[in-house]
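Residues per chain are reported as follows:
There are 2 protein chains.
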Amino acid sequence: MSRQLAVGIDLGGTNIVTALVADDGQILGIVSRRTDACRGADCVVGEMADTVNGLISENSVSQDDVVGLGIGTPGPLRLSKGFIHRSANLPGWENVPIRQWLQEKTGLSVQLENDANAAAYAEHWVGAGKDFGDQVTLTLGTGIGAGAIIGGEILRGHFENAAEFGHTIVELDGRPCSCGQKGCLEQYASPGNIAKYAIEQIRKGSESSLGPVLKANGAFDSQAIAEAARAGDSLADTIWDEACRYIALACVNIQHTVNPEMLVLAGGMSKSGDFLLGRVRQHFVAQTWKIFEDKPKIVLSNLGGNAGVIGAAGLAWKAHRSGAACLNTATVK
Amino acid sequence: MSRQLAVGIDLGGTNIVTALVADDGQILGIVSRRTDACRGADCVVGEMADTVNGLISENSVSQDDVVGLGIGTPGPLRLSKGFIHRSANLPGWENVPIRQWLQEKTGLSVQLENDANAAAYAEHWVGAGKDFGDQVTLTLGTGIGAGAIIGGEILRGHFENAAEFGHTIVELDGRPCSCGQKGCLEQYASPGNIAKYAIEQIRKGSESSLGPVLKANGAFDSQAIAEAARAGDSLADTIWDEACRYIALACVNIQHTVNPEMLVLAGGMSKSGDFLLGRVRQHFVAQTWKIFEDKPKIVLSNLGGNAGVIGAAGLAWKAHRSGAACLNTATVK
Numbered sequence: 296m297s298r299q300l301a302v303g304i305d306l307g308g309t310n311i312v313t314a315l316v317a318d319d320g321q322i323l324g325i326v327s328r329r330t331d332a333c334r335g336a337d338c339v340v341g342e343m344a345d346t347v348n349g350l351i352s353e354n355s356v357s358q359d360d361v362v363g364l365g366i367g368t369p370g371p372l373r374l375s376k377g378f379i380h381r382s383a384n385l386p387g388w389e390n391v392p393i394r395q396w397l398q399e400k401t402g403l404s405v406q407l408e409n410d411a412n413a414a415a416y417a418e419h420w421v422g423a424g425k426d427f428g429d430q431v432t433l434t435l436g437t438g439i440g441a442g443a444i445i446g447g448e449i450l451r452g453h454f455e456n457a458a459e460f461g462h463t464i465v466e467l468d469g470r471p472c473s474c475g476q477k478g479c480l481e482q483y484a485s486p487g488n489i490a491k492y493a494i495e496q497i498r499k500g501s502e503s504s505l506g507p508v509l510k511a512n513g514a515f516d517s518q519a520i521a522e523a524a525r526a527g528d529s530l531a532d533t534i535w536d537e538a539c540r541y542i543a544l545a546c547v548n549i550q551h552t553v554n555p556e557m558l559v560l561a562g563g564m565s566k567s568g569d570f571l572l573g574r575v576r577q578h579f580v581a582q583t584w585k586i587f588e589d590k591p592k593i594v595l596s597n598l599g600g601n602a603g604v605i606g607a608a609g610l611a612w613k614a615h616r617s618g619a620a621c622l623n624t625a626t627v628k
Numbered sequence: 296m297s298r299q300l301a302v303g304i305d306l307g308g309t310n311i312v313t314a315l316v317a318d319d320g321q322i323l324g325i326v327s328r329r330t331d332a333c334r335g336a337d338c339v340v341g342e343m344a345d346t347v348n349g350l351i352s353e354n355s356v357s358q359d360d361v362v363g364l365g366i367g368t369p370g371p372l373r374l375s376k377g378f379i380h381r382s383a384n385l386p387g388w389e390n391v392p393i394r395q396w397l398q399e400k401t402g403l404s405v406q407l408e409n410d411a412n413a414a415a416y417a418e419h420w421v422g423a424g425k426d427f428g429d430q431v432t433l434t435l436g437t438g439i440g441a442g443a444i445i446g447g448e449i450l451r452g453h454f455e456n457a458a459e460f461g462h463t464i465v466e467l468d469g470r471p472c473s474c475g476q477k478g479c480l481e482q483y484a485s486p487g488n489i490a491k492y493a494i495e496q497i498r499k500g501s502e503s504s505l506g507p508v509l510k511a512n513g514a515f516d517s518q519a520i521a522e523a524a525r526a527g528d529s530l531a532d533t534i535w536d537e538a539c540r541y542i543a544l545a546c547v548n549i550q551h552t553v554n555p556e557m558l559v560l561a562g563g564m565s566k567s568g569d570f571l572l573g574r575v576r577q578h579f580v581a582q583t584w585k586i587f588e589d590k591p592k593i594v595l596s597n598l599g600g601n602a603g604v605i606g607a608a609g610l611a612w613k614a615h616r617s618g619a620a621c622l623n624t625a626t627v628k
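In order, the protein sequence lines correspond to chains A and B. Heads up: the first sequence at position 117 corresponds to 412 in our numbering, and the numbers run straight through without jumps. Heads up: the second sequence at position 128 corresponds to 423 in our numbering, and the numbers run straight through without jumps.
Honestly, I wouldn't trust all of these hints.
For identical chains, the list gives no copy identity; a pair is met inside one copy or between any two copies.
[Stated by the list, open to error] Below, computed lysine to aspartate or glutamate pairings styled on EDC-like, alpha-carbon distance capped at 20 Å:
{"id": "1", "residue 1": "Lys477", "residue 2": "Glu537"}
{"id": "2", "residue 1": "Lys613", "residue 2": "Asp319"}
{"id": "3", "residue 1": "Lys585", "residue 2": "Glu466"}
{"id": "4", "residue 1": "Lys592", "residue 2": "Glu455"}
{"id": "5", "residue 1": "Lys400", "residue 2": "Asp345"}
Quick caveat, the hints were computed from the structure, so don't treat them as lab data.
Working from the sequences, and respecting the hints, build out all of it.
This is how it looks when you write it as structure tokens:
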């Protein structure tokens with residue numbers, strides 16, 4: 296097998312997904328393992344390297360054909376230093392020099408990126424935003440991540456922490472957020488938080504078809520809320536609709552800040568498809584201005600759960616190509 | 296006089312300011328005229344050209360020493376076409392090809408820019424942000440304009456209308472804005488709107504030392520509110536403080552989107568100096584997160600009312616230099 300490949304890793308709080316990705320974004324091999332972050336960063340990074348090396352040999356790829364490795368991780372990061380600064384989803388990880396460790400353990404050149412930025416890069420590279428200009432991807436997961444692509448490049452910001460739309464404040468003195476702020480978007484619209492809120496309401500006595508579900512399973516997720524809302528459940532519909540209104544508000548604010556051509560809705564909540572997209576579009580049109588035609592196209596991700604790992608590999612490809620360009624030896628097959 | 300100069304124009308709803316600006320941002324001649332936009336765009340543009348030509352000859356500048364002209368105007372603009380699309384402050388101006396008209400009437404190469412972007416460029420070029428990286432300037436005027444400088448370039452956006460922070464929504468279903476949205480930042484924090492709001496409150500019967508001022512003059516501005524607040528007036532203090540809280544909220548949201556090194560507060564409201572800056576900084580620290588050290592430095596503009604005209608000229612200088620660079624004849628003195 297002489298086709299060149301990049302390795303992508305999507306390091307999440309629950310799972311670590313590792314994939315071999317071709318230069319067109321196609322996944323040629325993929326494996327998912329549980330994270331077990333509590334065992335310590337050095338141990339987990341060691342296992343990550345073993346997984347990478349295993350995946351390369353299992354797929355009969357020569358090390359020479361691997362152009363590099365990209366990894367997307369929860370932030371905040373010290374990107375230029377190659378550090379994970381700290382992460383709510385990786386307890387105990389502080390100032391982990393993950394880029395250097397992975398480089399040493401795999402022998403590959405490593406690109407480190409915020410996980411939502413990696414997903415945004417994937418949408419731009421081979422996803423819903425492929426044929427579009429400036430774009431922002433919102434990853435509607437446990438929290439709300441985001442990445443902005445401007446002129447083909449990830450918007451980084453002076454402190455390397457730009458496009459954190461999940462922590463823009465949408466209610467002055469609003470609901471407390473784990474980040475220490477009050478009124479962050481993700482408190483009103485992330486799948487994790489709306490499920491939490493719905494459970495609270497039912498425990499306080501609100502009538503809902505989700506009541507028996509809660510009793511039977513002890514919990515439910517945002518997809519259960521969407522399904523109940525679709526079936527006519529009043530509480531579920533109110534909560535789902537409020538989340539969509541806040542996501543639409545965020546879309547208006549993204550329109551007036553980054554002013555992108557396209558907005559991609561990704562992450563777990565996007566599995567609800569048109570029931571998410573239709574509501575968000577409807578609330579967006581109701582909320583945005585009418586004085587200038589600069590509305591972004593709002594669409595769903597078409598990479599599903601693999602945007603993060605594809606984008607991470609895409610960044611390894613990008614680094615490889617720009618290195619090749621610098622040497623005037625653009626020999627990528 | 297053989298020193299090279301650029302012409303800057305700041306076209307406002309009330310006044311047109313025209314200046315000759317050296318390559319270090321120094322103003323060598325300046326004139327301000329009333330706008331009288333109702334007389335029609337072609338007439339006003341004709342007068343603008345006369346003012347430019349007059350200023351050049353009065354200052355004994357040879358036409359050959361004028362490197363170009365920059366103009367900052369209220370938006371929204373069609374920048375790449377050189378059009379003023381429409382403007383709330385210039386009634387009746389629609390699709391005005393101002394760049395072409397000014398080029399024809401002055402014989403100069405013309406750069407068109409949104410007025411707040413021009414002010415932001417001035418702060419970056421020779422103002423408060425001179426020695427800093429990525430930065431955002433908020434122009435707290437009748438409305439709230441903004442411009443973001445990223446990597447030394449103005450953030451434009453796909454639709455050429457980025458960094459309109461004044462129209463980001465800070466209250467879902469909040470106060471109606473002239474743009475057609477509800478809850479825009481500028482409804483809660485612009486000098487024009489807080490003065491309007493204070494006047495409403497007094498007319499509804501609120502006690503305030505501004506009551507007699509209103510009776511005597513029929514109106515007052517945001518500086519009067521700041522002075523009354525400083526002197527201990529309770530209504531004025533509440534209104535001023537609320538405005539500062541919303542400006543601080545906007546600063547938090549700018550931190551999490553553009554993630555700049557610096558935030559510059561400019562425009563009429565910045566004349567209140569530390570009474571603005573102190574309150575905004577205090578509310579910013581109270582509202583922003585504590586999990587990552589990426590707080591922008593918040594400062595006041597040091598260009599006062601001339602940021603717009605200096606920035607416009609700065610953009611003419613920038614175009615001149617990049618043109619010179621392209622021709623490999625970097626002969627700017």
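Hint by hint, here is what the structure shows:
In the homo-oligomer, the alpha carbons of Lys477 and Glu537 lie at most 20 Å apart both inside one protomer (18 Å) and across protomers (16 Å), since each shortest distance falls under that limit. Taking the closest pair of Cα atoms, Lys613 and Asp319 come within 20 Å of each other only inside a single copy of the chain (12 Å); across copies the shortest separation is 39 Å, beyond that limit. Taking the closest pair of Cα atoms, Lys585 and Glu466 come within 20 Å of each other only across two copies (18 Å); inside a single copy the shortest separation is 24 Å, beyond that limit. Taking the shortest Cα distances, Lys592 and Glu455 sit within 20 Å of each other only across copies (15 Å), while inside one copy they are farther apart (27 Å).
Only within a single protomer do Lys400 and Asp345 lie at most 20 Å apart by alpha-carbon distance; the minimum there is 8 Å, versus 70 Å between protomers.
Comparing the model with each numbered hint stated earlier shows that all of them hold.
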